[in-house]
Amino acid sequence: MIRSMTTIDVRGLTKRYGPDTVVDDVSFTVEPGQVTGFLGPNGAGKSTILKMITGLAAPTRGSVTIGRRRYRDLPVPLTEVGALLDAGAVHGSRTAYQHLLALAASNGLARHRVDDVLTRAGMESVAGKRIGGFSLGMRQRLGIAAALLGEPKVLVFDEPVNGLDPEGIRWVRRLMRSLAGEGRAVLFSSHLMSEMAQTADHLVVIGRGRLIADTTVDEFVRSGGEETVLVRTSDPHFFAPRLVEAGGAVRDRYATSMVVSGMTPDEIGALAAHHDIVLSELTPQHASLEDVFMEMTRENIDYHGTVA
Amino acid sequence: MSAVGAPSSVKFTHALRAEWIKLRSLRSTWLTLVCLFVVGIGISLLATSAAGAQYSDATAAERAAWDPTGSSLTSYIVAQLIVGVIGILVVTSEYATGEMQTSVMTSPRRYRLLAAKVVTVTAVAAIAGQSLMFAAFGGGQAVLAAHGAPRATLGDPGVLSAVVGGGVYLTAVALLAVTLGVITRATAGALAILVGIIFVIPGFAGLFPSWVQFLLDYWPTQGAATVMTTMPDADFPYPWLNLGGMCLGVGTLLVAAFVLFRRRDV
Ligand SMILES: Nc1ncnc2c1ncn2[C@@H]1O[C@H](COP(=O)(O)OP(=O)(O)OP(=O)(O)O)[C@@H](O)[C@H]1O
Ligand SMILES: [Mg+2]
Numbered sequence: 109m110i111r112s113m114t115t116i117d118v119r120g121l122t123k124r125y126g127p128d129t130v131v132d133d134v135s136f137t138v139e140p141g142q143v144t145g146f147l148g149p150n151g152a153g154k155s156t157i158l159k160m161i162t163g164l165a166a167p168t169r170g171s172v173t174i175g176r177r178r179y180r181d182l183p184v185p186l187t188e189v190g191a192l193l194d195a196g197a198v199h200g201s202r203t204a205y206q207h208l209l210a211l212a213a214s215n216g217l218a219r220h221r222v223d224d225v226l227t228r229a230g231m232e233s234v235a236g237k238r239i240g241g242f243s244l245g246m247r248q249r250l251g252i253a254a255a256l257l258g259e260p261k262v263l264v265f266d267e268p269v270n271g272l273d274p275e276g277i278r279w280v281r282r283l284m285r286s287l288a289g290e291g292r293a294v295l296f297s298s299h300l301m302s303e304m305a306q307t308a309d310h311l312v313v314i315g316r317g318r319l320i321a322d323t324t325v326d327e328f329v330r331s332g333g334e335e336t337v338l339v340r341t342s343d344p345h346f347f348a349p350r351l352v353e354a355g356g357a358v359r360d361r362y363a364t365s366m367v368v369s370g371m372t373p374d375e376i377g378a379l380a381a382h383h384d385i386v387l388s389e390l391t392p393q394h395a396s397l398e399d400v401f402m403e404m405t406r407e408n409i410d411y412h413g414t415v416a
Numbered sequence: 009m010s011a012v013g014a015p016s017s018v019k020f021t022h023a024l025r026a027e028w029i030k031l032r033s034l035r036s037t038w039l040t041l042v043c044l045f046v047v048g049i050g051i052s053l054l055a056t057s058a059a060g061a062q063y064s065d066a067t068a069a070e071r072a073a074w075d076p077t078g079s080s081l082t083s084y085i086v087a088q089l090i091v092g093v094i095g096i097l098v099v100t101s102e103y104a105t106g107e108m109q110t111s112v113m114t115s116p117r118r119y120r121l122l123a124a125k126v127v128t129v130t131a132v133a134a135i136a137g138q139s140l141m142f143a144a145f146g147g148g149q150a151v152l153a154a155h156g157a158p159r160a161t162l163g164d165p166g167v168l169s170a171v172v173g174g175g176v177y178l179t180a181v182a183l184l185a186v187t188l189g190v191i192t193r194a195t196a197g198a199l200a201i202l203v204g205i206i207f208v209i210p211g212f213a214g215l216f217p218s219w220v221q222f223l224l225d226y227w228p229t230q231g232a233a234t235v236m237t238t239m240p241d242a243d244f245p246y247p248w249l250n251l252g253g254m255c256l257g258v259g260t261l262l263v264a265a266f267v268l269f270r271r272r273d274v
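Protein chains in written order, with my numbering: chain A, 109 to 416; chain B, 9 to 274.
Keep in mind that the hints were calculated from the coordinates and are not lab data. In this text, a Cβ means the ideal position worked out from N, Cα and C, and glycines have one as well. Please note that the accuracy of each hint is not assured.
[Said to hold, decoys possible] For the chain B half of the interface with chain A, some residues (derived, Cβ under 8 angstroms), not all of them:
1) Ser17
2) Ile29
3) Ser36
4) Ser57
5) Thr67
6) Arg71
7) Ser101
8) Gly106
9) Pro116
10) Arg117
11) Gly257
12) Thr260
13) Val274
Full structure from sequences and hints, please.
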């Protein structure tokens, strides 16, 4: 457990680039001891908000504080906030070791921290190699290693699993969970919904620069409407009308399956027994995080793809 | 002290140490410095060799204006560009790679960050510039002696001042380069402006309205560079004043660079 807890407080944050308001009056809090997922379609303003949190960009209005201090007033920034915003933002001619050594020196951290984080990121064997020759995934690991240098109380990652192999993705997931378990505040953005669902406790969702949701993952998924039941049977065409009579609704009817809403699995099972119908599957289904996210952000998407 | 060995607050010396680690860990830094000495001393040897060969045929007037110190220091003309590249790259290579984001995140006090860069570049440029000027002087005088032409020693009047002045001049150009890097945030742009300042503008000096003519007294390759000669120049009787003026100009630009660096998003 780390000694003191730190929160990120975003209040009325607004950022304009010329005539465009890319972040519009956003407020939320990132609590210690949990992983907060940061979601939003492309161009929603996530990276811009993360830049304002880490002092790279100045808010047009509003404020961001970390433990009630502005980023630039942190006495030893790397021990308060570890951030990875862009894994490519490193000079390719340096070795991984030299890069981390310069970062450690800039905050007066002990030299052994460089070895510590290289080990933690599984990069000991490439410590002496030039970063320019690294794959995207290795740069991502290096960036995460850099974020851990000062054992910070707050961690901010912009798409940390981007470019990682399955082993790397699992490593990042476990790392974020364990960092939160140690009482740190972890904020990360990702477009991978399954990753979000598995890693985050809390969600902050933005669309077109505005806050859409600030809630727990469970809460968010539940808000996505009713639960349904997948029913598999040899003759859905006979069973479906019985379900409707009993007050259920049936959709997605195929040769051997259908999706039923408005009834619990118990009720459906009892109804099947009553009509002597054999069910080969009866599975409750929840709306997925992806379903709910798509539904919520439908009106907030700037870049729609089409299938030709 | 915490488990990570962190101090209670970050000091300027930490930022300075980080900048030095960053500069020394780039191969390009060392390549540029090697290039500076090879080209700088090479030009000095060539220039003094040519001058020495002509001395025996020189007229009396030419012999009266004989400046062995000045001809051994002509390498400043190319050396200033190379030193300028070092100064520019310290800033623009970070913008080009995105490293500046990392630097600003680890050192959010931006004045401190830029000051650390400025001090590092100044130290490197001063040491390299002074060494180069002394080496160019020594090598050049040896070549003149080999040609049997009169040569200078550091003890002669005005010689030490010219050699040291050359080092100061190169340091000032390096600082100018840093400010250009901060202002343009792009290597090509900063280099183009530096070349413009050093080589192009003096060529158009005659076209300037009279109220800006005075600037040429302190312009790098104009008035300020006369510090590297030992023959009195009627136009610039006090060359250190001209060099001082150039330093003042660079200082003004530096203030602008700090303000911009603080205000702009990274
Ligand atoms: N420096 C800038 N100047 C002008 N506009 C910018 C700048 N940076 C970002 N923007 C604009 O701000 C908006 C938000 O961008 P941002 O990168 O924050 O989105 P994002 O949510 O991170 O998107 P993605 O999921 O694609 O990473 C975009 O429309 C982008 O074009
Ligand atoms: Mg982004």
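Subject >> Hint check, Gly257 of chain B versus chain A [nearest Cβ-Cβ separation less than 8 angstroms] >> reply: Violated, because the Cβ-Cβ distance from Gly257 of chain B to chain A comes to roughly 30 angstroms (cut-off 8 angstroms).
Subject >> Evaluation of the interface hint that places Ser36 of chain B against chain A, nearest CB under 8 angstroms >> reply: holds (7 angstroms)
Subject >> Interface hint compliance - Arg71 of chain B to chain A, C-beta minimum distance less than 8 angstroms >> reply: This interface hint is violated because 51 angstroms lies over the 8 angstroms limit.
Original post:
Hint check: is the beta carbon of Pro116 of chain B less than 8 angstroms from a beta carbon of chain A?
Top reply: holds (4 angstroms)
Original post:
Is the shortest C-beta separation between Val274 of chain B and chain A less than 8 angstroms?
Top reply: Result: holds, 5 angstroms to nearest chain A Cβ.
Original post:
Taking the closest Cβ pair, is Gly106 of chain B under 8 angstroms from chain A?
Top reply: Result: holds, 3 angstroms to nearest chain A Cβ.
**OP:** Verify the interface restraint on Ser101 of chain B: the C-beta must sit less than 8 angstroms from at least one C-beta of chain A.
**Re:** With Cβ-Cβ at 6 angstroms, under 8 angstroms, it holds.
Original post:
Minimum Cβ distance from Ser57 of chain B to chain A below 8 angstroms?
Top reply: Because about 37 angstroms separates Ser57 of chain B from the closest Cβ in chain A, which is outside the 8 angstroms limit, the hint is violated.
Original post:
Does Arg117 of chain B pass the interface check with chain A, least Cβ-Cβ distance below 8 angstroms?
Top reply: holds (6 angstroms)
Original post:
How about Thr260 of chain B: closest beta carbon in chain A under 8 angstroms, or not?
Top reply: Thr260 of chain B check fails; min Cβ-Cβ to chain A is 25 angstroms, beyond 8 angstroms.
Subject >> Thr67 of chain B as chain A interface residue, shortest Cβ-Cβ below 8 angstroms >> reply: violated (53 angstroms)
Original post:
Hint check: is the beta carbon of Ser17 of chain B less than 8 angstroms from a beta carbon of chain A?
Top reply: holds (4 angstroms)
In this structure, the hints that do not hold are numbers 4, 5, 6, 11 and 12, in rising order.
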